[in-house]
Amino acid sequence: MDRGAFEEIDHTADLGLDLEGPTPEAILEAAQRGLIQLLLDGTSDLAADQIRAVAISAPDLPELLKRWCERVYGLLENEGFVALESEVESADPRACKAILHGSMPPRDRVASASELKGVTYHQLAFEPVDDGWRARVIFDV
Amino acid sequence: MAHVELERVEPYVWEIPRRGDMRVPGRVFASEELMADIRGDQSLEQVRNVAALPGIVGWSLAMPDIHWGYGFPIGGVAATDRATGAVSPGGVGYDINCGVRLARSELDTGDLPDARLGPLLDRLFEAVPSGVGASGAIRKLGRAELLDILRRGSRWAVERGFGSEADLDRTEEGGCLAEADPEHVSARAMERGLSQVGTLGSGNHFLEIQRVARIFDDDCAGVYGLAQDQIVVMIHSGSRGFGYQICDDHLQRIRPRLDDYGYRLPDVQLAAAPIESAEGRAYLGAMRCAANYAWCNRQVMLHKVRETFQAVLGIGPRELGMGLVYDVCHNIAKMERHTVAGREREVCVHRKGATRAFPPGHPEVPDAYRRWGQPILIPGSMGNYSFVCAGLAGAMERTFGSTCHGAGRRMSRTQAKKASRGRDLLREMADRGVMVRATGMRTVAEEMPHAYKDVADVVEVMEAAGVSRRVAELRPLGVVKG
Chain Y
1 MDRGAFEEID
11 HTADLGLDLE
21 GPTPEAILEA
31 AQRGLIQLLL
41 DGTSDLAADQ
51 IRAVAISAPD
61 LPELLKRWCE
71 RVYGLLENEG
81 FVALESEVES
91 ADPRACKAIL
101 HGSMPPRDRV
111 ASASELKGVT
121 YHQLAFEPVD
131 DGWRARVIFD
141 V
Chain L
1 MAHVELERVE
11 PYVWEIPRRG
21 DMRVPGRVFA
31 SEELMADIRG
41 DQSLEQVRNV
51 AALPGIVGWS
61 LAMPDIHWGY
71 GFPIGGVAAT
81 DRATGAVSPG
91 GVGYDINCGV
101 RLARSELDTG
111 DLPDARLGPL
121 LDRLFEAVPS
131 GVGASGAIRK
141 LGRAELLDIL
151 RRGSRWAVER
161 GFGSEADLDR
171 TEEGGCLAEA
181 DPEHVSARAM
191 ERGLSQVGTL
201 GSGNHFLEIQ
211 RVARIFDDDC
221 AGVYGLAQDQ
231 IVVMIHSGSR
241 GFGYQICDDH
251 LQRIRPRLDD
261 YGYRLPDVQL
271 AAAPIESAEG
281 RAYLGAMRCA
291 ANYAWCNRQV
301 MLHKVRETFQ
311 AVLGIGPREL
321 GMGLVYDVCH
331 NIAKMERHTV
341 AGREREVCVH
351 RKGATRAFPP
361 GHPEVPDAYR
371 RWGQPILIPG
381 SMGNYSFVCA
391 GLAGAMERTF
401 GSTCHGAGRR
411 MSRTQAKKAS
421 RGRDLLREMA
431 DRGVMVRATG
441 MRTVAEEMPH
451 AYKDVADVVE
461 VMEAAGVSRR
471 VAELRPLGVV
481 KG
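From first to last, the protein sequence lines are chains Y and L.
All residue numbers for the first sequence refer to the working numbering, where the first residue is 1 and numbers rise by one.
All residue numbers for the second sequence refer to the working numbering, where the first residue is 1 and numbers rise by one.
Chain Y on its own, in the form it takes in the complex (with noise of 0.2 Å):
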């Protein structure tokens, strides 16, 4: 299947993506990957031996995305958990439902990932588009 992209946004004070893919699934998994990289340098040596499982529901899909975002971001600074890669099993945002595989690496290799204070809602956006989805996020650092 093919998987969604994710690019990075130039913004002067904060970090960014724009997303897109053929499915609002593949959206969410693009942003899982896109946001890692944004936060940490050189994931590759770390093996994905641990799963978690992700259960949330939002009003809509641009809320979704944030939730989505932020529980990614929070399993890395609550538990040291990495999400290398991300199998989103429904993207319905009454109940989205995904499995996070990664990493538990030492503690100072989380340490040294860039902070997120928020996700925001500026300029967040999750919509369909004739060949398929995009999505935008930008978090404030």
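No lab work stands behind these hints, which were simulated from the structure alone.
It cannot be assumed that every hint is accurate.
Rough simulated footprint, nothing fancy, chain L against chain Y, three-plus residues with beta-carbon under 8 Å [what the hints assert, rightly or not]:
(1) 3 to 11
(2) 73 to 84
(3) 103 to 113
Just so we're clear, the structure is a prediction, and the values are computed from it rather than from any experiment.
By construction, the Cβ of each residue, glycine as well, lies at the ideal position given by its N, Cα and C atoms.
Let chain Y serve as the given structure and place chain L on it in line with the hints.
Leaving out everything else, chain L in the frame of chain Y:
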């Protein structure tokens, strides 16, 4: 990028004329050189958008270190009428009460050669946790203790031996905003706050050992406790995950209600509620909790710094003499009395990346400093100079008692990392005479001096505009970063 009409009304003041949905004009404090940078992103458009806030009075203001934020620009100041105006969480920012604390000492540069500075920095790096997920500076708090911090701020720390009463006198608001209301703090925010007291954070937060490199006003510097070549310590940090969560929680609560308030805002991130609405009061109550958390945070960190200096240098507190010069915030919303169109009124002053700058004689300036004006602490970029300034009467007339807060970014993090590629950043810092202890090189690359404007240019603009004046220049010797 939308064109924003600008008119230069004074050498260092530019006005955005009131047009369309703007309720007041915009005013930008900048030199011609800094304005060229400012025009490079969307910050002027944001100044214009802020001018549409309900109840805004005077001007939508921008300091010379302004850059693009979300909703409000960073470096923005806006005052809204207490009775009829709005409060906007975006006008404070995620890092509620991000601020700066400066402590002086009895040491001078001769007391800290590199052979002592290195081990001191190593121990500070351990004693003051930094980086993502940092915790453990003090034991994990219980819920009741955290509630006490939210209501009492720095005083909680002082009563437990993390400092003294003298520290409270030299902290904005005595280290505690009244009317903090933990009822409006979410369980998630409480969870994030339990283990982060006394931690530095990451990004542009830092702890620096500095020397007083230059004094512009001997008398004022003397009153502030500063002397040439003296060793001082500067801490830049805020309310950590606790404050970030509060901002997000209340943005979520306020955003869906805009139609109910009859608000039409040009940018959703400007989401605002009437100050006197349930949502407005709830946000302010929670924001004050975050402000108090941040003051307590910086108070505990200073205590850790004092302990570490004493332990590493083998000296006691009297010989160290590490007294607090001042602690001031630069992300906050406060009820203050200001004169608007010739009439004194109570307004809600939003400072997002802007520092309070009260002049000589103001009753809220500590007694010891009142003749000279409130100390203003302006950090520069990593490895670069910082400034201690003093408030001037012009601040009350022109900027609701506010001035700049720092260097302001001129380069995105992506650009900064690209520009840093292939360079030995720690060697470059060492060549500047600065030792660095950091959790990782990513942050160092993002925070290199070339990513920022020159803070000297920024403070000079505010001096030329009669808002604040330089008292001392500080240069770093060692930096701890998350």
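Hints and how they fare:
1. 3 to 11: That given contact holds, which follows from 3 residues of the segment 3 to 11 of chain Y lying within Cβ reach (below 8 Å) of chain L.
2. 73 to 84: holds (count 4)
3. 103 to 113: holds (count 6)
Taken one by one, the earlier hints all hold for this structure without exception.
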